[in-house]
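S.K.: Each chain, letter by letter, is given below.
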Amino acid sequence: MLAKRIIPCLDVFNGKVVKGINFINLKEIGDPVEHGALYSQQGADELVYLDITATHEKRKLLSDLVRRIAENINIPFTVGGGVNQLSDADALLSAGADKISVNSAVLLNPSLIDQIAKSFGSQFLVVAIDAKNIDGRWVVYRNGGRIATDRELFEWAGEVVLRGAGEILFTSMDHDGVKNGYACKELAMLSDALPIPVIASGGAGAPEHFLEAFKTGKADAALAASVFHYNEIAIPELKEYLHQNNVTVRL
Amino acid sequence: MNQKIVIIKYNAGNIRSVDFALRRMGINAEITGDPDKIRTAAKVIFPGVGEASGTMEYLRQRGLDIVISQLTQPVLGICLGMQLMCRYSEEGFTDCLNIFDTEVIKFTGGKVPHMGWNALEKLNGKLFYKLNKGTYVYYVHSYFVPENINTTAVSFYGIPFSAAMQRDNFYATQFHPEKSGGYGELILKNFISL
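Residue numbers (this note's numbering), protein chains in the order written: chain Y, 46 to 296; chain B, 2 to 195.
Rather than coming from a laboratory, the hints here were simulated on the basis of the structure.
Take these hints with a grain of salt, some might be off.
To be clear about the criterion: a stretch of chain Y counts as covered by chain B if any three or more of its residues have a C-beta under 8 Å from a C-beta of chain B, and this derived list gives those stretches [to be verified]:
| # | region |
| --- | --- |
| 1 | 75–85 |
| 2 | 115–123 |
| 3 | 163–174 |
Subject to a maximum C-alpha distance of 27 Å in a straight line, what follows is the list of computed DSS-like cross-link-like pairs (lysine-lysine) [stated by the list, open to error]:
| # | chain 1 | residue 1 | chain 2 | residue 2 |
| --- | --- | --- | --- | --- |
| 4 | B | Lys-10 | Y | Lys-163 |
| 5 | Y | Lys-163 | B | Lys-112 |
| 6 | Y | Lys-105 | Y | Lys-72 |
Where a beta carbon is used, it is the ideal one built from N, C-alpha and C, also for glycine.
Excised from the complex, chain Y in its bound form (with noise of 0.2 Å):
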């Protein structure tokens, strides 16, 4: 049986992982590298690591990072935040990205999602939604959360599995920091509806939580950030409980 996953995420900024409230306050915590070999021992099933600054950057320093995270990591990575064109994309998988994320470079052109994926298969590509709830209707962000688009959650993650994402992470930014849960309800819709693996981002703040984005959600993966970089859930203990409570993950 295909496991649950569980996924950190690491907010890198500057060369450094950060951790911020709703996309501000950042906080540095630490080395991405080291981080992330810490959750891979504990028993991670996958990174994702988050530049928030890529586009303010030099491309080569994000590289240079990800060449140091593929030579020390033995479990899968994802890295986001550095890819607005099909170069950028080719620039990280040559470094040794297992897959890479976008997010606001396909809001602003879509096709970008059909040329990855046909350059690099659709294994190689995430496509991360960043959506709140105004209204009753699930507005798609882009820029960090930072600027309204006026695509709607259900109707964008549709077209991007028909230009080829391989996988949707979809953060509920009404959930995002508060760690009361993920947005259970409208991860079911999408996991029902779509084709590709949903991973579940945005809410985490108890094991239970995770419970239910698997349970109720139906999500594939979940993803959390502080929770774990603060200790206030271990890797093994969350394992260990989802296994008593009939999730399949990998112990």
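Fit chain B to the supplied structure of chain Y, relying on the hints for placement.
M.R.: Chain B only, in chain Y's frame:
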């Protein structure tokens, strides 16, 4: 270990990660598409993520299809490498190397790609020395090889499929040992120790 390990270089993605995994184990491999270097290596690794028809075309143009088929030292195909070692792939309707007399077909049930960690069952053969059934390994693929006479491990995704195969000196894994944590490294080590 001073034996010469070669990783076949061709137009497939993420060949580097196999090299990185070997380096973590203290093994320096050479990534090359040079037929002579491939023929004279002690061990050959044929990795890859990509599309079947385009990569087979690339191998044929360089004569690497014949080189690989005629190797007599231990060869390890990984993911697309394993699929290209089969007779035929539904992906791009591609005639492949025919080292394993079986077809590669597309998953039709469940979410595709089959992506993530899945358990190994029915383990058999030297690649799995010191590994127990139920060990989780990492997969990313949309096409699969049904269970057949050369199958040496199975995983389940709606149906059973070949997680690994072996025929004579040819070994292959559908999963990525280079991304499968400590157990994946053990599988690579078992191959290098053949």
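S.K.: Are the hints correct? Go through all of them and say.
M.R.: These are the hints, each one checked on the structure:
1. Counting residues of the region 75–85 of chain Y whose CB lies closer than 8 Å to any CB of chain B gives 1, which falls below the minimum of 3, so the coverage claim is violated.
2. Counting residues of the region 115–123 of chain Y whose CB lies closer than 8 Å to any CB of chain B gives 6, so the stated coverage by that chain holds, three being the minimum.
3. Only residues whose beta carbon comes within less than 8 Å of a beta carbon in chain B count, and the region 163–174 of chain Y has 5; three or more means the coverage holds.
4. Of the supplied pair hints, the one linking Lys-10 of chain B and Lys-163 of chain Y holds, its CA atoms being roughly 21 Å apart against a limit of 27 Å.
5. Restraint check for Lys-163 of chain Y and Lys-112 of chain B: the C-alpha separation of about 19 Å stays at or below 27 Å, so the hint holds.
6. With a C-alpha separation of about 24 Å, the suggested pairing of Lys-105 of chain Y with Lys-72 of chain Y holds against the 27 Å cut-off.
The structure shown violates just one earlier hint, number 1.
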